[in-house]
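**Student:** With chain S held as given, fit chain F onto it using these hints.
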Amino acid sequence: MVYLTRKAEFSASHYYHNPDLTPEENRRIFGKCNNPNGHGHNYTLEVTVKGDVDPRSGFVVDLKQLKEILNREVLDALDHRFLNKEVPEFFTRIPTTENLAIGIWQRLAPKLKTAQLHRVRVYETPDLFVDFYGEA
Amino acid sequence: MFSASHRLHSEAMSPEENQSTYGKCNNPHGHGHNYALEVTVSGPVDERTGMICNLVDLDNFVDREILERFDHQNLNTLAEFTGEVPTTENLCASIYEIVQGGFRHARLEKVRLEETMMNSFEYAGGAEIRR
Chain S
120 MVYLTRKAEF SASHYYHNPD LTPEENRRIF GKCNNPNGHG HNYTLEVTVK GDVDPRSGFV
180 VDLKQLKEIL NREVLDALDH RFLNKEVPEF FTRIPTTENL AIGIWQRLAP KLKTAQLHRV
240 RVYETPDLFV DFYGEA
Chain F
8 MFSASHRLHS EAMSPEENQS TYGKCNNPHG HGHNYALEVT VSGPVDERTG MICNLVDLDN
68 FVDREILERF DHQNLNTLAE FTGEVPTTEN LCASIYEIVQ GGFRHARLEK VRLEETMMNS
128 FEYAGGAEIR R
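Protein sequences, first through last, are from chains S and F.
So the numbering used here is basically just the index in the first sequence, starting at one, shifted up by 119.
So the numbering used here is basically just the index in the second sequence, starting at one, shifted up by 7.
Extracted from the complex, chain S is given alone in its bound form (with noise of 0.2 Å):
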């Protein structure tokens, strides 16, 4: 078994909002990030995935594939977006770094044939990521 990491940049906005919490309450637990106007950042993402390596090609997994994958399912939908109003799952969910992982876990692992997804780490800056192994 081999692991493969492929990482890739989006930069999208978001803003923390709580609708069952008074703005108070809003405020206090988010902080600037309330802000409802957004804002945004440089999120680095890296998926991981698994599996045995092919005897015939070498590869664990077709990275020309993969790379596809990674687009349309995940750049495409959030690059250069604001989440909260454009990106379904975050409709309902607040769009924290950590919804953010699972969101994407949830995006790729169904479109993925040949090798397994082990994990899902997002940067929201060089100093904060959250990984995600697909836990329920």
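By construction, these hints were calculated from the structure, which means they are not laboratory data.
Ideal placement from N, C-alpha and C gives every residue a C-beta, glycine not left out.
Certain hints may be false.
Listed next, the stretches of chain S that the computed footprint assigns to chain F, with coverage defined by at least 3 CB atoms under 8 Å from CB atoms of chain F [what the hints assert, rightly or not]:
#1 188-202
#2 217-224
#3 228-234
Some chain S residues judged to face chain F by a derived CB distance under 8 Å, without partners named [to be verified]:
#4 MET120
#5 VAL121
#6 TYR122
**Tutor:** For chain F alone, kept in the frame of chain S given last:
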């Protein structure tokens, strides 16, 4: 870090299949990468030294057995790749086997090999990698 060239081409495939499988990497003249290598070892901390193993021993081993062997080489010309395509998957596994077979001062956990800033590979002898 080491720099090497390779060409991805399988004798078992037709020219068309080689082209469709490997794309630009099938260029007959080869191409090169700067590979960044990470070797992870584990073990109890020695009470006398406060170390898992002496880093000098690990450095010397990697210099002698890995960098001397692969740096500034054409991977396709090396013995381990006469019957195997030198993909980074296979190179990562080859490096793991060399360290596993020769380094005695700590337990090898995994080898991680970056082919480019965007692509990297990890191998732990076929085992699941611990988080």
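**Student:** Against each hint, give a clear statement of whether it holds in the structure.
**Tutor:** Each hint tested on the structure:
no.	hint	in the structure
1	188-202	violated (count 0)
2	217-224	violated (count 0)
3	228-234	violated (count 0)
4	MET120	5 Å, holds
5	VAL121	5 Å, holds
6	TYR122	4 Å, holds
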